[in-house]
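Novice: Now for the letters of each chain:
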Amino acid sequence: MKEKFYILLKEHFINLESKLNQLDAVIGDGDHGSTLLKGLSAIPNSELPPDKAFKAETGGASGSLFSILIGAIDKGIENSSNFGEFLTNASNRISMIGEAKEGDKTMLDALIPAAKASLNDPKNSLEEASLAAREGAKKTVTMPAKKGRAKYVENAGIGHMDPGAFSTSEIISFVCNYIRIENEKTL
Amino acid sequence: MKKLYNTKNAMPDDMIDGFVQAYPNIVKKGKNNRIVLRTKQKDPEKVSLIIGNGSGHEPIAMGFVGEGILDANIVGDVFTAPSSDLILEGIKESYSKSGTILLISRHEGDVINGKAACLDAQDEGMDVRPLLMYDDISSAPKGHEEDRRGAAGTIFIYKILGAAAEDNMTIDELMMLGERVRSNTRTLGVAINSGISPITNEEMFSLPKDEVFIGMGVHGEPGVARRKLGAVNDLVSFMMDRILEDKEIKPENNVIVLINGMGGTTLMELYSVFNEVSIYLKNKKIFNSSPMIGSFSTTQETAGFSISILIPDEIMLKFWRAPHSSPNFPLIL
Numbered sequence: 001m002k003e004k005f006y007i008l009l010k011e012h013f014i015n016l017e018s019k020l021n022q023l024d025a026v027i028g029d030g031d032h033g034s035t036l037l038k039g040l041s042a043i044p045n046s047e048l049p050p051d052k053a054f055k056a057e058t059g060g061a062s063g064s065l066f067s068i069l070i071g072a073i074d075k076g077i078e079n080s081s082n083f084g085e086f087l088t089n090a091s092n093r094i095s096m097i098g099e100a101k102e103g104d105k106t107m108l109d110a111l112i113p114a115a116k117a118s119l120n121d122p123k124n125s126l127e128e129a130s131l132a133a134r135e136g137a138k139k140t141v142t143m144p145a146k147k148g149r150a151k152y153v154e155n156a157g158i159g160h161m162d163p164g165a166f167s168t169s170e171i172i173s174f175v176c177n178y179i180r181i182e183n184e185k186t187l
Numbered sequence: 001m002k003k004l005y006n007t008k009n010a011m012p013d014d015m016i017d018g019f020v021q022a023y024p025n026i027v028k029k030g031k032n033n034r035i036v037l038r039t040k041q042k043d044p045e046k047v048s049l050i051i052g053n054g055s056g057h058e059p060i061a062m063g064f065v066g067e068g069i070l071d072a073n074i075v076g077d078v079f080t081a082p083s084s085d086l087i088l089e090g091i092k093e094s095y096s097k098s099g100t101i102l103l104i105s106r107h108e109g110d111v112i113n114g115k116a117a118c119l120d121a122q123d124e125g126m127d128v129r130p131l132l133m134y135d136d137i138s139s140a141p142k143g144h145e146e147d148r149r150g151a152a153g154t155i156f157i158y159k160i161l162g163a164a165a166e167d168n169m170t171i172d173e174l175m176m177l178g179e180r181v182r183s184n185t186r187t188l189g190v191a192i193n194s195g196i197s198p199i200t201n202e203e204m205f206s207l208p209k210d211e212v213f214i215g216m217g218v219h220g221e222p223g224v225a226r227r228k229l230g231a232v233n234d235l236v237s238f239m240m241d242r243i244l245e246d247k248e249i250k251p252e253n254n255v256i257v258l259i260n261g262m263g264g265t266t267l268m269e270l271y272s273v274f275n276e277v278s279i280y281l282k283n284k285k286i287f288n289s290s291p292m293i294g295s296f297s298t299t300q301e302t303a304g305f306s307i308s309i310l311i312p313d314e315i316m317l318k319f320w321r322a323p324h325s326s327p328n329f330p331l332i333l
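Residue numbers (our numbering), protein chains in the order written: chain A, 1 to 187; chain H, 1 to 333.
If you are wondering where the hints come from, they were derived from the structure by calculation, not from laboratory data. A couple of the hints might just be wrong.
For lysine to any residue, the following SDA-like pairs were computed, each having C-alpha atoms within a straight-line distance of at most 25 angstroms [what the hints assert, rightly or not]: (1) Lys101(A) <-> Asn33(H); (2) Lys38(A) <-> Ile199(H); (3) Lys151(A) <-> Thr80(H); (4) Lys38(A) <-> Thr200(H); (5) Lys147(A) <-> Gly99(H); (6) Lys31(H) <-> Ser46(A); (7) Lys146(A) <-> Arg226(H); (8) Lys52(A) <-> Tyr95(H); (9) Lys52(A) <-> Asn33(H); (10) Lys147(A) <-> Ile214(H); (11) Lys42(H) <-> Ile26(H); (12) Lys101(A) <-> Asp120(H); (13) Lys146(A) <-> Ala225(H); (14) Lys142(H) <-> Asn155(A); (15) Lys40(H) <-> Pro327(H); (16) Lys147(A) <-> Met126(H); (17) Lys151(A) <-> Met126(H); (18) Lys92(H) <-> Pro49(A); (19) Lys52(A) <-> Glu108(H); (20) Lys101(A) <-> Lys142(H); (21) Lys46(H) <-> Gly99(H); (22) Lys8(H) <-> Val78(H); (23) Lys52(A) <-> Met126(H); (24) Lys92(H) <-> Glu47(A); (25) Lys2(A) <-> Ser34(A); (26) Lys139(A) <-> Asp85(H); (27) Lys52(A) <-> Asn120(A); (28) Lys75(A) <-> Asp120(H); (29) Lys2(A) <-> Lys151(A).
Stretches of chain H that chain A covers, calculated by requiring three or more beta carbons in the stretch to come under 8 angstroms of a beta carbon on chain A [said to hold, decoys possible]: (30) 79-85; (31) 262-268.
Quick caveat, the model's predicted, so the values are computed rather than measured. The beta-carbon is built from N, C-alpha and C at its ideal position, and this holds for glycine as well.
Between the sequences and the hints, there should be enough to build the whole structure, so can you do that?
Specialist: Below, the structure written as structure tokens:
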């Protein structure tokens, strides 16, 4: 089941690659979509756990941060009732490593609301997390960047969605939908 | 612009090969070619002190591996932090049962990958602590010291902690000593001509002929302000005023001065800069001893320098002056 999930997730990001690269070109070096796709493509055939396979392939700082998110969704697929807890642990770890918090225009602006929503409403955990992640990503459009290269560009990226928040919201909603569909199948 | 290499990608590896062949009694390569270790087994009871950094800034930090300073350096691509997996390998190869301190000069990629590697190592049961280093007063205002970048003043931490670890200080004591050195260190840099990026073969910034950038990043990030170059005594006074505004130094105090060239500034110029710093301090009735002058934390052939000031206590001074055997660290007298 997990192997199939990672193949589907990779295919989803094949479709998103150029959009993510374009978003990243405004505030960074324009390779966020390609970097994520590279890491996700390494997962299905690797002997390493998904988060480690992803990190080994991507190498850079964003690889270190996103591999933590991959580790959380990997646990979520196995044990969806604790999804909120996994997302919360991941967001704490990313926040500590990246020295960032909610509102800094980063992937945390999608991840933290998703983790909170999922904890607040365990019954509808997956729907709520998915919705909150997407809304959180949208909110980054009006934020000035506080971290990364984005803070040095004109207006600190105001007017553009943060590519890391967008990709995070896509990963979270994709995994939420996948688990829901799988759960319905087994009912 | 011209640069000497076989291929761009091979530059860090070719450099490491040359370095370890030049000093086989002091340094060797680890299992991974990008990990430089001490040849002589360090005392297994001693805390190990290691750092990862992008290449292109030599001799930092590879050149400071050796007895009395660093136990290992993890070398990334040019101007690129090593991956957290590579840093984790470096931690494992130099791990001590008394613990390991990973020094992190505060730049985003180094912080993220370094902290991630420490967490991974801690998950595996190792006592590995990250020590963030920041000293560049131009990168964040007074009161926001924790947001500052690491610059040449981080060398004080390398040397003092390295000697203290050799003296069998515990990991807790070393972390506290490192934090004390950090809070007593300030650095301000200026650049007058750009170096050439080995990645693009182009200059990293441009500047009018008679101007100087104040507050230069180690990757050619633009400075925070520009001013007319003028005479060196005038420039040094301006820089020292900024440093003393940021960190008060009272008369009769003793300081250590570190003048770091950025790669394209001559020793003739650097000693002149030190002379002006000495005169400035003397006028304020501040003593200085055991200085370090040369090009240590470089950005290719960038012309410029930084002034770092440490207000040492007795312990810091003792370890700063302690003997060492690393290939590119100078004599401290």
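Novice: Run every hint past the structure and note whether it holds.
Specialist: Here is how each hint holds up against the structure:
no.: 1; hint: Lys101(A) <-> Asn33(H); result: violated (36 angstroms)
no.: 2; hint: Lys38(A) <-> Ile199(H); result: holds (22 angstroms)
no.: 3; hint: Lys151(A) <-> Thr80(H); result: holds (19 angstroms)
no.: 4; hint: Lys38(A) <-> Thr200(H); result: holds (24 angstroms)
no.: 5; hint: Lys147(A) <-> Gly99(H); result: violated (31 angstroms)
no.: 6; hint: Lys31(H) <-> Ser46(A); result: holds (22 angstroms)
no.: 7; hint: Lys146(A) <-> Arg226(H); result: holds (24 angstroms)
no.: 8; hint: Lys52(A) <-> Tyr95(H); result: holds (21 angstroms)
no.: 9; hint: Lys52(A) <-> Asn33(H); result: holds (21 angstroms)
no.: 10; hint: Lys147(A) <-> Ile214(H); result: holds (22 angstroms)
no.: 11; hint: Lys42(H) <-> Ile26(H); result: holds (11 angstroms)
no.: 12; hint: Lys101(A) <-> Asp120(H); result: holds (21 angstroms)
no.: 13; hint: Lys146(A) <-> Ala225(H); result: holds (21 angstroms)
no.: 14; hint: Lys142(H) <-> Asn155(A); result: holds (24 angstroms)
no.: 15; hint: Lys40(H) <-> Pro327(H); result: holds (14 angstroms)
no.: 16; hint: Lys147(A) <-> Met126(H); result: violated (30 angstroms)
no.: 17; hint: Lys151(A) <-> Met126(H); result: violated (35 angstroms)
no.: 18; hint: Lys92(H) <-> Pro49(A); result: holds (20 angstroms)
no.: 19; hint: Lys52(A) <-> Glu108(H); result: holds (21 angstroms)
no.: 20; hint: Lys101(A) <-> Lys142(H); result: holds (22 angstroms)
no.: 21; hint: Lys46(H) <-> Gly99(H); result: holds (8 angstroms)
no.: 22; hint: Lys8(H) <-> Val78(H); result: holds (9 angstroms)
no.: 23; hint: Lys52(A) <-> Met126(H); result: holds (18 angstroms)
no.: 24; hint: Lys92(H) <-> Glu47(A); result: holds (21 angstroms)
no.: 25; hint: Lys2(A) <-> Ser34(A); result: holds (22 angstroms)
no.: 26; hint: Lys139(A) <-> Asp85(H); result: violated (33 angstroms)
no.: 27; hint: Lys52(A) <-> Asn120(A); result: violated (30 angstroms)
no.: 28; hint: Lys75(A) <-> Asp120(H); result: holds (17 angstroms)
no.: 29; hint: Lys2(A) <-> Lys151(A); result: violated (37 angstroms)
no.: 30; hint: 79-85; result: holds (count 5)
no.: 31; hint: 262-268; result: violated (count 0)
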